[in-house]
Amino acid sequence: MGDRETSNHSEVTEFTLVGFRVLPEFHILLFLLFLLVYAMILLGNIGMMVIIMTDPRLNTPMYFFLGNLSFVDLFYSSVIAPKAMSNFWSESKSISYAGCVTQLFLFDLFIVTEGFLLAVMAYDRFIAICNPLLYSVQMSTHLCVQFVAGSYFFGCISSVLQTIMTFTLSFCASRNIDHFYCDERPLLRISCSDLYIPNMISFFLCTIIILPTIIVITVSYIYIVSTVLKIHSTEGRKKVFSTCSSHLGVVSVLYGAIIFMYVIPDRFPELSKVASLCYTLVTPMLNPLIYSLRNQDVKEALKKILGKKL
1 MGDRETSNHS
11 EVTEFTLVGF
21 RVLPEFHILL
31 FLLFLLVYAM
41 ILLGNIGMMV
51 IIMTDPRLNT
61 PMYFFLGNLS
71 FVDLFYSSVI
81 APKAMSNFWS
91 ESKSISYAGC
101 VTQLFLFDLF
111 IVTEGFLLAV
121 MAYDRFIAIC
131 NPLLYSVQMS
141 THLCVQFVAG
151 SYFFGCISSV
161 LQTIMTFTLS
171 FCASRNIDHF
181 YCDERPLLRI
191 SCSDLYIPNM
201 ISFFLCTIII
211 LPTIIVITVS
221 YIYIVSTVLK
231 IHSTEGRKKV
241 FSTCSSHLGV
251 VSVLYGAIIF
261 MYVIPDRFPE
271 LSKVASLCYT
281 LVTPMLNPLI
291 YSLRNQDVKE
301 ALKKILGKKL
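Counting from 1, one number per residue, gives the positions in the sequence shown under the working numbering.
It cannot be assumed that every hint is accurate.
Claimed, not checked - Cut-off 27 Å, straight-line C-alpha distance, at most; resulting in silico cross-link-like pairs (BS3-like, lysine-lysine):
#1 Lys-83 to Lys-93
#2 Lys-238 to Lys-304
#3 Lys-303 to Lys-238
#4 Lys-303 to Lys-230
The hints are simulated quantities; they were obtained by calculation from the structure and are not laboratory data.
Work out the full structure: start from the sequences and follow the hints.
Here you go:
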């Protein structure tokens, strides 16, 4: 027993993803639901990237950021969904140690990158609406590339720290991860190491990632709303609100779920799984729908592409 308690992470060869605690009869239904949502994610985000890259009229900072958002959505949902779907049919529901490390690293990389991209998009809309005459100067191509590169850089740094912190812990209790993918909190639950320092590091990372991006988004939209209210044209006001409300809706769903998952005390594992669905599958599915259906430029570009094919 003493040897087992002192065994460390190097002796772990695989974990078991418990997934959703439902009757086996519901596994088929969940598989079909995941398959439908993932198919919509692939179609929507790949379609959005193709539209943005092929239409010269969409060669603007806003669509450059939107194309990167679609890329991030596509990849971090692909890190989660295929494995989750395969586990609905698997008896063992196992994932290798290396696979778990990779899944946690890639997911953290892309989800943090998405948070920074959403903040950058809010700043972009602030400049476009509040300082339209200076927009082309302030949002230069060089600056846009720097913003996107910085988002990936901070995502990578956060992911490296989070992954190293998590997988240097000892896993000497159960190998069952009570989640449908490898995530930090479920892994901490099955560790027998002292979690004080990991929890402090995790809280610090969440604070320096979530708080600044929320501040940028909030301040940007305060200025945007105050500027929009000064617009006398009803049509102009409606157009601006339509664009910004789409972005704000995506931000609310994403950050609401992330705050519930990573900031609120970990007392409700099943609710955490539902919250995780919001940012692993629901948000990547909704992003292309929201930005395409509520954006006249994207709709016209899509009609142009479909018209050529027909």
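A quick look at each hint next to the structure:
1. Lys-83 to Lys-93: Between Lys-83 and Lys-93 the Cα gap is close to 9 Å, so the pair holds against 27 Å.
2. Lys-238 to Lys-304: At roughly 25 Å apart (the allowed maximum being 27 Å), Lys-304 and Lys-238 satisfy the hint.
3. Lys-303 to Lys-238: Holds, at roughly 23 Å.
4. Lys-303 to Lys-230: Violated, at about 34 Å.
Hint compliance for this structure: hint 4 is the single one not met.
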